[in-house]
Amino acid sequence: MSATTTTQPLVQATDLSKSFGRVVGLASCQFELYPGEVCAVVGDNGAGKSTLIKCLSGALTPDAGEMFVSGDRVAFKSTNDARAHGVETVYQTLAVAPALDIAENLYLGREERKKGILGTVFRSLDKKGMRAEATRSLNELGVLTVQSITQPVETLSGGQRQAVAVARAGAFGSQVVILDEPTAALGVNESARVLQLIRDLRDRGMSIILISHNMPQVFEVADRIHVQRLGRRAAVVTPQSHTMNDVVAIMTGAMTVPEEEQQLTAVR
Amino acid sequence: MQKVQTLLHRYPWLSPIVVLALLIVIFVFLGQVMGVGDLDNFILPGTISLVLQQTVIVGTLAIAQTIVILTAGIDLSIGAIMVLSQMFMANLAVYATASNVTFLAGQNPVLAVAVGIVVATLASSLNGFLIVRFNLPPFIVTLGTLSIFTALTLILFKARTIQGKEFPDFLGLLGTGFQIGPFTFTLGLLVMLALYAIFSYALRGTAWGTHVYAVGDDPAAAELSGINVRRVLFSVYCVAGFIIGIAAWITIGRLDAASPNVAPDINLETITAVVIGGTSLFGGRGRLIGTLLGTLIIVVLDFGLSLAGLDQAYRVLAIGVLVIAAVAVDQWIRKVKA
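Going down the list, the sequences are from chains H and F. If you count the first sequence from 1, you need to add 6 to reach the numbering used here. If you count the second sequence from 1, you need to add 323 to reach the numbering used here.
No false leads were slipped in.
Only some residues are given here: those of chain F computed to face chain H with a beta carbon under 8 Å:
(1) ALA530
(2) ALA537
(3) ASP540
Computed footprint of chain F on chain H, listed as stretches where at least three residues anywhere in the stretch have a Cβ under 8 Å from a Cβ of chain F:
(4) 86 to 98
(5) 116 to 124
(6) 158 to 169
In short, the hints are calculated from the structure, not lab data. Heads up, the beta-carbon is just placed ideally off N, CA and C, and yes, glycines get one too.
Please model the entire structure based on the sequences and the hints provided.
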């Protein structure tokens, strides 16, 4: 299965380690994300999925190991730091402010001011511009089924909220979007819409890290599947090379995959 | 019913407008048609002028309270800070004082007012510091500083009221009245309305305002969106302190005196005005204009009931009913669905 392509990873982590007191979250963990792919991260509870993702998104600082974005070494001190490097995260808790409207949420924390003296002296927000841009970016993702861009987010359905959160991550020129259990709280139809959204993002050239417990969904959208076990990478496989049962077996340690059978290089 | 719910959800200041309009209609009807008590005086320019002048103290303090409540906080020390601030202003401006800080007395009145405003800002930022630095609930912090600032006022200045004739005119400046047609307004009223305009803009038109709403709405989401929640919270208490300082100056002008015993219920009245005005005690929802309406409702009720010849107790009762109704409406509209 060894690939012939020489594509460089967009995000790479080498020998990441992180402990919380005596609890080991990550033990010399490797990770690669290639441009334009959906890489799923799966693993049992306590396998270090969350710790890995938090390191990559800047929410945690690893104790040891190195991280690279587009080949450049990075050391994220905050989520804003990661964001500045084009790594956006959509959290399981959605991280939208329910009483604020859609446009306000899309621009939360990076509002744009009017040009000229109104913006510089009076700090006036460019609401019109932000609303227009928000409409455009939601349209582009094909998720504008909402009545109005000035609708409070709490009046949206779970799927629409998720779409707003994903759109937020996909806007602002980001290259990498990390999605933490994006369908955990959603029904079947809404899940399907979000999966479609993930494919759309990928087709627009974005790279996606998808954390999920839902095997069928992982097998539906992922290009490669990173299996995490006991704080390290147990294997990287593809939906074509292995079955769901295989992946569960790798997760639980019942099966090991020799390195030459793994998919450690780009598939796209 | 659901339409009403959605409408109120969008425009939370609609309910205080309806209440205020109803009150006015009822009082005018009772006065002009039924001839109840002295209510026929209710629509005289003199009464309307008085009603408006009467709003300045609670109305100005309630701006500070609104901004704090929007962050899901509460400020119980607002009255204590205001009193501390105005006692600083008055004691610094007079020459003969019985206070424990006589050596500070006899300052330029402009300086005295400035010091008072700075004191209020510092006192409120102490609240902010304790809340942000030690993660203490605002309720507890301001309950504690309510006692601390009240005690500090008595320790520094004793319990002596300073009358208007004792201090320079500049201190009472905001109580100065002027005529427009048959109406009499005061400078304090203008300053209050200006503060409403400025902070309505700051809350709705700037990134700071959006962040204030976001922090009150969902602090975790705000943090993950890259907002420095602690800095926003601290800034809110600093800004509130500045407004309280201005309110202290307005109060001296309105009462033509600086007294440590002024308005003991002022804390609760500001919270009442905010809540009746449609701002949620749970943070993140509400408009400043609602607070202005809430203040007007309290004052109009006050005047209307006393003109009708009813006991003060009925006014207190009516306010109590309004507060509970307002919170019930808030709970209801927060359940709105698309």
